[in-house]
Structures are given as structure tokens and as C-alpha cells.
Amino acid sequence: MTAMTDDTLPVTARTIRDEMIAFGIMTALLLVVPLTGVYPFFVMQALCFALLACAFNLLIGYGGLLSFGHAMFLGTAGYFTAHALKVWGVTPELGILIGTAGAAGLGVITGVVAIRRQGIYFAMITLALSQLLYFIYLQTPFTHGEDGIQGIPQGYLIGIFNLANPTVLYYVILASFLFGFLVIFRTINSPFGEVLKSIRENEQRAISLGYKTDQYKLLAYILSGTLAGFAGSLKVFVAQNASLTDVHWSMSGEIVLMTLVGGLGTVFGPVVGAFVIIAMQQYLAGFGQWVTVIQGVIFVACVLAFRRGVVGEIAHYFRRSL
Amino acid sequence: MQALYAQLLVGLINGSFYALLSLGLAVIFGMLNIINFAHGALYMMGAFVAFFLLNGIDVPTMTSLLNGSWLTLFNGVSLPIVGTIKLPPLEMFHVGIGLSYWWALIIAPIIVGIFGMILERTMLQWLSGLDHLYGLLLTFGIALIVQGVFQNYFGSSGLPYAIPDELKGGTNLGFMFLPIYRGWVVIFSLVVCLGTWYLIERTRLGAYLRAATENPTLVRAFGINVPRMITLTYGLGVGLAALAGVLSAPINQVRPLMGADLIIVVFAVVVIGGMGSIMGSIITGFALGVIEGLTKYFYPEASNTVVFVLMVLVLLVKPSGLTGRAT
Numbered sequence: 001m002t003a004m005t006d007d008t009l010p011v012t013a014r015t016i017r018d019e020m021i022a023f024g025i026m027t028a029l030l031l032v033v034p035l036t037g038v039y040p041f042f043v044m045q046a047l048c049f050a051l052l053a054c055a056f057n058l059l060i061g062y063g064g065l066l067s068f069g070h071a072m073f074l075g076t077a078g079y080f081t082a083h084a085l086k087v088w089g090v091t092p093e094l095g096i097l098i099g100t101a102g103a104a105g106l107g108v109i110t111g112v113v114a115i116r117r118q119g120i121y122f123a124m125i126t127l128a129l130s131q132l133l134y135f136i137y138l139q140t141p142f143t144h145g146e147d148g149i150q151g152i153p154q155g156y157l158i159g160i161f162n163l164a165n166p167t168v169l170y171y172v173i174l175a176s177f178l179f180g181f182l183v184i185f186r187t188i189n190s191p192f193g194e195v196l197k198s199i200r201e202n203e204q205r206a207i208s209l210g211y212k213t214d215q216y217k218l219l220a221y222i223l224s225g226t227l228a229g230f231a232g233s234l235k236v237f238v239a240q241n242a243s244l245t246d247v248h249w250s251m252s253g254e255i256v257l258m259t260l261v262g263g264l265g266t267v268f269g270p271v272v273g274a275f276v277i278i279a280m281q282q283y284l285a286g287f288g289q290w291v292t293v294i295q296g297v298i299f300v301a302c303v304l305a306f307r308r309g310v311v312g313e314i315a316h317y318f319r320r321s322l
Numbered sequence: 001m002q003a004l005y006a007q008l009l010v011g012l013i014n015g016s017f018y019a020l021l022s023l024g025l026a027v028i029f030g031m032l033n034i035i036n037f038a039h040g041a042l043y044m045m046g047a048f049v050a051f052f053l054l055n056g057i058d059v060p061t062m063t064s065l066l067n068g069s070w071l072t073l074f075n076g077v078s079l080p081i082v083g084t085i086k087l088p089p090l091e092m093f094h095v096g097i098g099l100s101y102w103w104a105l106i107i108a109p110i111i112v113g114i115f116g117m118i119l120e121r122t123m124l125q126w127l128s129g130l131d132h133l134y135g136l137l138l139t140f141g142i143a144l145i146v147q148g149v150f151q152n153y154f155g156s157s158g159l160p161y162a163i164p165d166e167l168k169g170g171t172n173l174g175f176m177f178l179p180i181y182r183g184w185v186v187i188f189s190l191v192v193c194l195g196t197w198y199l200i201e202r203t204r205l206g207a208y209l210r211a212a213t214e215n216p217t218l219v220r221a222f223g224i225n226v227p228r229m230i231t232l233t234y235g236l237g238v239g240l241a242a243l244a245g246v247l248s249a250p251i252n253q254v255r256p257l258m259g260a261d262l263i264i265v266v267f268a269v270v271v272i273g274g275m276g277s278i279m280g281s282i283i284t285g286f287a288l289g290v291i292e293g294l295t296k297y298f299y300p301e302a303s304n305t306v307v308f309v310l311m312v313l314v315l316l317v318k319p320s321g322l323t324g325r326a327t
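So the sequence lines, in the order shown, correspond to chains L and S.
With the first letter of the first sequence counted as 1, position 181 gets the number 181 in this note's numbering; the numbers rise by one all the way through.
With the first letter of the second sequence counted as 1, position 159 gets the number 159 in this note's numbering; the numbers rise by one all the way through.
Worth flagging that the hints you see were computed from the coordinates, not collected in a lab.
Please read all numbers here as calculations on a predicted model, not as lab measurements.
One should not assume that every hint holds.
If you anchor each label on the Cβ, the simulated ranges turn out as follows [stated by the list, open to error]:
no., chain 1, residue 1, chain 2, residue 2, range
1, S, SER157, L, GLY286, 17 to 25 Å
2, S, VAL95, L, LEU29, 38 to 46 Å
3, S, ASN215, L, LYS212, 43 to 51 Å
4, L, ALA279, S, ARG210, 33 to 41 Å
5, S, GLY83, L, ILE109, 55 to 63 Å
6, L, ILE16, S, TYR299, 49 to 57 Å
7, L, ASN162, S, LEU294, 51 to 59 Å
8, L, ALA279, S, LEU257, 22 to 30 Å
9, S, LEU99, L, ALA285, 55 to 63 Å
10, L, ALA301, S, ILE57, 35 to 43 Å
11, S, SER157, L, GLY210, 52 to 60 Å
12, L, SER198, S, LYS86, 55 to 63 Å
Note that CB positions come from ideal geometry on N, CA and C, so glycine has one too.
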């Protein structure tokens, strides 16, 4: 990777302290949301997408791999969880496990193929793989084609928490989001994360230092896919359906957009980006296809003038890493 | 057997489009180091320009432009100071020149090519020196804008474009019935592809182009205007996409999203073929079209996915693509 992150890299070394403070603020804000009267469905949806974008960011921001097919994990986990809940009647925790495991399995299979090429080819391959999966889901009976799986029962988590109650569901989603976020946070601050960053900066040198870079990239890809699938499983409880839109390439594009708006390679950027984009879709829903046009304009503007993203710009201004 | 030949012909036609599009992608990638995600949208624009040339286009009247009614989509939005927006309805008048298919074959690629060159001058050129991925993201944004605008004005359904009189009907080849227009598309695409190959591999201009791909700084030192060549190259690649769009208009109808799914298949074609060689792109494009056609006959359920499956197989066996250099 050459200049992907050159101008997004923080000036000072990353400090855990700043990031912990920011994490505390974020958690506190999210904890009080149900008290403020903000539409909880909106925040829950945004949290699912935030986790998804964070998982995507793990791959591009720290591994330098742009996946243009992350919707396949979202959709696969969604279908698996929805099918398990509705047809097999399993408990919610088992449903989430099945969905996440499905995404992990998909990550192993597609990862082995995709990591054979780098850079631009990696993006095209992941896009093609997700399109392949889209057509498979379009034709297999268990996904119910264009209709999708609808009316999914929410049930009781571990037999105690009633997920049909919006407040309970909100805190379950929030806890799951924070769990996923911390897994990613731990990963990028681990020796494994450091090796990933070295691959992003200079893969040849990482190889010459004796790292089996393919294994690192594959592991990062599987981890990213699994967490994206986790987000997809959670989304089933919020939206109560699983449909083809979640596997479509436009969804993959939205994930990229969220991360780009928030800031590629920043810890909190994807979260901010997800909230910005979901809020935009909510408020502009009446404009029909113009939402697509506006998203395109944001893409162009971000790439041309705003490559650090919201959080990246803030971090750059304060010379901190966020 | 008739059905098999018919599907083979469909495969050859799709293969022509794959070849024209992947050829353009390869030429653009060579010079600009950008994967042009907007290629599908520009292909669609080619078809629409042909449609406008034949059937005319509705444009807003001058009064409508001046009194702001072209912003009627914001009607009903309430703003802090202005209050609720209420604009008079948009008045349009019809401009029609009725240029035939043959004119469209020449004019549409030029118009779309110029549009592409404007894109390159105003946006893409600022990305040189940055990671390739930014080019992909930028052109993805452009594709969203172009497709979104067309969807707003023309919906998602298809507009019919008639086959020109000269190419109507068909001939009986003995073993199958060949609609003349379909045969024309295959032969004409092949000629254009080979012409492009000749231009790049066998002419002086092509030699400059290949040299500039290898080492732009050195070529500039010889007094050749490389930035202008880059712009023209982008125009050429985009023009090829628009030409494919014109060719497909009578077959596939003119739809705003006609290029959206196609471009993903073409990406897979490019991954299979590799972008190292012009001839490689052409052959891979046609070959994959034929394989897809055969799949439609023998196992129709897999016809949507066969190209992607082949891509996976090629990546497992020869990751650098059939003709590509390792990257």
C-alpha cells in the first residue's frame, strides 16, 4: 500500500488514553439515548451499521484491503439467523451464534480466494464474490427470493430478556455493539494488529522480516467478516426481516461510504459515519432516488477534498489519534 | 440444436459487450491507474444518448429555468426563513432531431467521451499519486450520481429502441436462423476491438501510449504532452463503453441500471483475463460470453453465476489471471 493512508495517519503516536476517554464519552452518550426520546429504532439500526463499518474498517484501515463485498457477510448472517429463528425456532442467542458462524464460514471460503490478489483486484474480487452470493440467495428457496424472510420472532434472550421490548432490545444491541467494538479495539492494539499495519505500509518488507503475510491477511479478513456477520445477526432483531437488499452491491457501497465519511483507519470514524449516513437516509427518505445521487456526491466530495473523514479531521486538528 | 445455437449467439453478443467494456477498462487502467467503476454508468449513457438522438429529449423552457421550477423536487420542504417551498410546475419542451442509429454510433461515443474527458480533467486528475483505491471510490460515486439522475427522470423501466430498418429481419443459415442485427453487433464489435488493438499495439500514437504507461516522466521529457494523452485515453475508454451501449440499445432496451450489474460481471472478466494485455481482454471477453451462453443452454440456473465461479477457479489455479502479470 502506498498512499492510501499517508495523509490519514495521525501526526502523534496513538495513545490509548485519548481513545479510552473517547470510548467513555461514546458509551455514556449511547447509554442515555432511551431517556432522551430519540427514536430508538433509528439508533439501534445505526449501531448495527456502526459495528459493520468498524469491522470493514479493520480490513481497510489497518490491513489496507478494500472489500467491496462486505454486504455478503451482513446478508448471510441475516438469512442464517432469520431462518434459524423462524423455521427452526431456536433461541435468540443460538440464532446469533448460527448467523455469526455462517459469516465466519463464508469468510474462510471467500478469504482463501480473495487474498490471492491485492489492492484494486481485491476490491473487484470481493465485489464479484458478493454478487455471486446475491444470485445464489436470489435462487435458493430458503431465502424466499424477492420477499425475503419476514415476521421473525424476537423471543427471550437467555430466557430472561424480552427482545420485543424496545428498551431491552436497545440495551442488548448496545452491549453487543460495545463488545464487538472492544474486540476490534483489542485487535488493532495487539501484536497481530501491529503486523497488519506493517503489511499495509509495506508488504514486501513484512515478508522479508519473516511474517507470513497471507496468513495475517486471511485471519484479518475472517475476523472482519465474522464481526460484520455478528452485526447482520443483530440487525435481524431490529428490522425483523432479512432481505436481498442486505446482500446487494449498493449495501457494500454504503458500508464503504460510512467508513469514508467517518474516517478510514480511525477507531471511532466508522461509528460517526454510520450515524451520519443512517440519519441522512432517514431524513431524506422522501426524495426517492435523489438519496442515491446525494450519496454519490458525498463519495466524490470525500475522495476529492475530505479524505480524512469527520473523525480524521478532528483528530488531525487536535493532533490526537481517535 | 436450434436453441443451442441461439444461446451461443446470445453468448457471443454478451461477449462483445464484455470485450468492449473490459478493453476500455484495461486501457484506462494502463494510463490512469484507475479502475473505472463509472464504466457501467457511461455504457448506459451511450444507450441513452442514442435514444435522445433518435426520439428527442424534453428540456426545461427558459422561463422554467429562470423561475426556479427545475427545483420542484424540493416542493413541500419547509425551510427556516423561506417557509414551505412551492414552485410552479416545470414546463418542458421537446427537442427532436431524429438522428438515426448510424449517426448515434458515431455521435454517442463522442458525446460520452467528451463527458468522460471533462470528468477526468475536473476530478480524476487530482488523484494521481494517491492510492488506486481512491480512484475506485471516486468513480463509484460518479456512477451513483449518473445512475441516480437517470433513474429520477426515466424510472427503472426500459425504453424501447427500434432496430434500424437496414438491419431488420434475418437470414437462414441452414443450421439456424440469424437475426441480422445480432450478427451485425458481433462482427462490428469484433472489428472495433481489433481496431483498438491495432491502434495501441501497431501505431505511433499507440507506442507513445504504451511508453507513457511504462514511464510517464521519461515520455514527458521527450516533449510529449502526457496529461493530454491521459485525458484522451480516458475519453477513448469511455467512448468504447458508450459504443457498446449504443449497440445494446435495440437488444436490451434502454434502462438507467442497464450497466450497474453488467460492470460487476466485467470486473470478474477483468480479474480472469488480467489487465496486462489488450488482446487478452478481447479474447477473454468473447470466450466468457460464449461460456455463459453455453451454460444458459445446458444448466440455465447457473447462467448468472458461471462467470463468477470461473473467476474463483482461475484465482485458485493462476492468481495473476490468464494473461496478466502478477501484482
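Checklist line | Distance restraint hint 55 to 63 Å, applied to the beta-carbon atoms of L:SER198 and S:LYS86 | finding: Since L:SER198 and S:LYS86 have Cβ atoms about 59 Å apart, the given range 55 to 63 Å holds.
Note to self: 43 to 51 Å was suggested as the range; check whether the CB atoms of S:ASN215 and L:LYS212 agree with it.
What the structure shows: violated, 34 Å
Notebook entry, point to check: Okay, S:SER157 versus L:GLY286 on CB: inside 17 to 25 Å?
Noted result: About 22 Å separates the Cβ atoms of S:SER157 and L:GLY286, which means 17 to 25 Å holds.
Note to self: Given the hint of 33 to 41 Å, is the C-beta distance from L:ALA279 to S:ARG210 inside that range or not?
What the structure shows: violated, 49 Å
Check: L:ALA279 and S:LEU257, beta-carbon distance inside 22 to 30 Å?
Finding: holds, 26 Å
Check: For the pair S:SER157 and L:GLY210, does the Cβ-Cβ distance stay inside 52 to 60 Å?
Finding: Once the Cβ atoms are compared, 58 Å apart, the range 52 to 60 Å for L:GLY210 and S:SER157 holds.
Checklist line | Status of the given 55 to 63 Å range, CB of L:ILE109 versus CB of S:GLY83 | finding: holds, 57 Å
Next item on the list: Please test the hint of 35 to 43 Å on the beta carbon pair from L:ALA301 and S:ILE57.
Entry: The hint (35 to 43 Å, Cβ to Cβ) is violated, given that L:ALA301 and S:ILE57 are roughly 29 Å apart.
Checklist line | Hint check for S:TYR299 and L:ILE16 - Cβ pair distance inside 49 to 57 Å | finding: Holds: the Cβ-Cβ distance is about 55 Å, inside 49 to 57 Å.
Note to self: Please check whether L:ASN162 and S:LEU294 have a Cβ separation lying inside 51 to 59 Å.
What the structure shows: holds, 55 Å
Checklist line | Consistency of beta-carbon spacing, L:LEU29 to S:VAL95, with hint 38 to 46 Å | finding: Check failed, 55 Å falls outside 38 to 46 Å.
Note to self: Between the beta carbons of S:LEU99 and L:ALA285, is the distance compatible with 55 to 63 Å?
What the structure shows: violated, 40 Å
Hints 2, 3, 4, 9, 10 from the earlier list are contradicted by this structure; the remaining hints agree with it.
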